[in-house]
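*Asks:* Per the working numbering, the very first residue in the sequence shown carries number 1269; after that it's consecutive.
Keep in mind the hints are simulated off the structure, nothing from the lab.
Worth double-checking, as some hints may not be accurate.
[Claimed, not checked] List of simulated lysine to aspartate or glutamate pairs, EDC-like, C-alpha gap at most 16 Å:
1. Lys1476 to Glu1661
2. Lys1599 to Glu1585
3. Lys1624 to Glu1585
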Amino acid sequence: MSLPITGPALGRRRLRASIYIRLSHAADASNTSLDDMINKCRALLAAEDFEEIALHIDDGISGGVRDRPEFIAWLDDARHGRCEVLVAHHVDRMTREGLNVAAMILDVQEGKDPVTGKIVRPPVRLMDTTGLDSDNGTAFRIMFLIKAETARDERENARRRVAGRATRLRLAGRWPGGEVPFGYRIVPARDGKGKTLAQHDEEAAALKDCASLILRGQTLGRAVRWMNYHGPSPRRAEQWSRTTLAQALTGDHILGRVTIGNVLQRDAKGFPFAPFPEVLDLPTVTALRQALARNADPTKSPRGPRKPARLGSRLIECSGCGKFLTVTRTKTAYRPRSRPGEVRRYELITYRCQEKSEGRRCERPVLVSALPFEQYLERRFLEDFGHAPMFEERVIVADGGALAAVEEALAGLLARLATAATAETFAQLQALQAQRDELIAAPREPIVTRVPTGLTMAEEWEARDTEGRRELLSDAYELLRLHPGKRGGKGYFDPARLEAIPFEGAHDPDPEFV
């Protein structure tokens, strides 16, 4: 900000001075350092009988940032001849980048072009409140460069201290600060010392829903669309992408683990160090990693497979041949009787059996207008299942993920053996191998449970998009078969044409077994 002072006093002309102040952290009402720095700079101006023409303050910006707005404006006061003196509280307030920015400041002070090095304007005087003064010639240049490099070294040491503190806090099961992983929130630690992480209920539930979608055979793109329509927003981006969702679902953080420098931290027995609660358990994350790796194909379009166009896409069979009906769009033009000279166009959307038109056999290919048929299909589903409670299936591994944890610990230990082949490491390897053999020998039949969601099927239907509603239809009906019918009135569908067999019913479409 600039605070112009009154013009020069009567009598001799005083040198004009521009003051620069920088605070690393934004000032508040309890911060007295800002006033202290301003007062010291103004005391220097009073002692030298300078006229203050501007006060520039960068509040809450690191000295490692070169393009600070008020810092640039302060230098511009000298570049454009608005002042003859540049005053700062200390060199470390000007910059903490060392010689790199010190050279830029000296070019401004000496009136040089930064490209050619030629003097293009009168030099200005550069001072700080600790005695630094460009009028001292060579001694000033040496002292200025030393102070600039000292400020840079102090910044690097502070960064190392912060990084070391963050490492110690993570290894103690504390959260050191920074961006919180999706699925978590910051809470006070139970012992009252520092902060830790707990599950964020809404975000964790959304990740579990996405994991369930993928493990039921849906694509990652389908899960991304579900998150963008129904889930919480990601931390940084405006919407989810395949990359961000895959990282959120399969990263070590989702298991409550600690990584430092992208290296997973382990305990004395070789198991991952996990002080935070897991959002997804290890068997689920392992299955997700396998599913996403299996489906990853760099030759495919980055947009993934095309999503279904209509509610009945790839669900409705033709009674004549048993093949799925295809959605077709036909653009039609007609002349209304009331206005013979006018041509109107519309698009007719239908479900059609394409077998006969493509040269294959179908005794009685069927055709139906999409809109009235879909309206009836929705009513039929809600009548059959809308009142029922909604359940979701969850697969639980009998060992609770113990085998996956041991195998993961073994993989990490084998990697460490390449650089640390000690007797202790070999002993850990033998113990883990014995534990793995014991778990493999135990029965490990997966357990499939059905968990109520608290919604009815009708409420779930209302909340889902077209793809989600297709999933409900696919799970509810063993067979949806369409029979030929007579042409009805506009917007009419004959319910007798649709054969809908729920999965709970006893039906086998193969006539050999009827």
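*Asks:* Look at each hint and say if it fits the structure.
*Replies:* Taking the hints in turn, this is what the structure says about them:
1. Annotation: proposed proximity of Lys1476 to Glu1661 holds, straight-line Cα distance about 12 Å (limit 16 Å).
2. Proposed proximity of Lys1599 and Glu1585 is contradicted: the alpha carbons are some 25 Å apart, above 16 Å.
3. Restraint check for Lys1624 and Glu1585: satisfied, since their Cα atoms lie roughly 14 Å apart, inside the 16 Å limit.
Checked against the numbered hints above, the structure breaks only hint 2 and satisfies the rest.
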